[in-house]
Amino acid sequence: MKQTSCEHETSVIRALHADQWSSELRQHVAECPDCRQALHLAEALRTLAAQRATQFKPPDPHWILQRSRRMAREIALRRLALLMTTMRTLAVIYAVAVAAWLLRGYASLQYREVASTMHGASSEFGLLGALAAAVCVILGLWPILRGGAAPGQSR
Amino acid sequence: MEDAGTIAAWATAGREQTAAGEEGFRHLYEATSRPLWGYLHHACGRADVADDLLQETFCRFLLRKPPPMDDAGARSYLFRIATNLLHNRPRSRDDAAREEPAERGAETDQGLRLDVQAAMRQLKPRERELLYLAYVEGMSHAEIAAATGLGVLSIRILLYRARQKASEFLAPKRIEP
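Chains as they are written, first to last, in our numbering: chain A, 1 to 155; chain B, 1 to 177.
Hints may contain errors.
Across the chosen pairs, the derived CB separations fall in these ranges [stated by the list, open to error]:
| # | chain 1 | residue 1 | chain 2 | residue 2 | range |
| --- | --- | --- | --- | --- | --- |
| 1 | A | A95 | B | G151 | 27 to 33 Å |
| 2 | B | R80 | A | E7 | 23 to 29 Å |
| 3 | A | Q55 | B | S154 | 31 to 37 Å |
| 4 | B | H87 | A | R70 | 38 to 44 Å |
Simulated from the structure, these hints should not be mistaken for laboratory data. Quick reminder that beta carbons are idealized off the backbone N, C-alpha and C, glycines included.
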């Protein structure tokens, strides 16, 4: 059973579009039932499309440009909101981890014991640095956490 | 082919919010909005849905910022977006029932129009799309492949089947097999 169209079908449709028929193509269409069928269907569909085209009232392209810019802003805002949510979640995890470490781990030991397990003065500086970093991170994230607590606020 | 230059210029301009960018988009829009709307209307059968999808197509085109391309490439890209939107559109069960009736036109064309519309309603959306792109837009199989995401060989077979099916639904006196 035949499953594909005639190899000249595309040429026939192109000739219909351009309205340029060679005598060979005309002859072929007259002899080929496939191409004749395709041609008649194409004519019917083109007539229907031409009639429908009268209903087309294109919106102002400027309006579409404006809408696309608005959509771009919304997408950027959504991405930013996702980033903020991720940072907020990480901040909470970080704060909980630091609190747990301070309360259960570090607090149960004497400071000097911890320091002695490390090496020399640099380890003390490292420890102080880590604590300072934690304070800075928490202070930096504070506005974000506050923003999350008040959903009505504009961000 | 005058549009090729303006579309390419617009594409390379990076779609900035400039008067030149807007002018380029206006040319692209004027060159492609009518055939795109016709395609969308033919595939979904409703003018209001076609209006919405047309706007969505151009908005997505602007948002995606495709690489610089000539007019054929931009056209093909737009048809691809439109096809994806058609397929992703949530369809309600009464969608076919809500397809608009034929408008009153010239008496001689009215019968043919009703026949063709009725035949198209019997086809699957994919079949309508292929028939429109091939016979109304005059796209080659390769161009249809680019616009629909199907393989060229598949298109040849699917198009043949769609044509056979459409011809069966049409009155035999109008389309002679």
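Subject >> Cβ distance range 31 to 37 Å for Q55 (chain A) and S154 (chain B), holds or violated >> reply: Check passed, 32 Å falls within 31 to 37 Å.
**OP:** Could you check the hint for me, namely that R80 (chain B) and E7 (chain A) are 23 to 29 Å apart, CB to CB?
**Re:** holds, 26 Å
**OP:** Could you see if the CB distance from H87 (chain B) to R70 (chain A) stays within 38 to 44 Å?
**Re:** violated, 25 Å
Original post:
Measuring from beta carbon to beta carbon, are A95 (chain A) and G151 (chain B) in 27 to 33 Å?
Top reply: The hint (27 to 33 Å, Cβ to Cβ) is violated, given that A95 (chain A) and G151 (chain B) are roughly 54 Å apart.
When the structure is compared with the earlier hints, violations turn up for hints 1, 4 and for no others.
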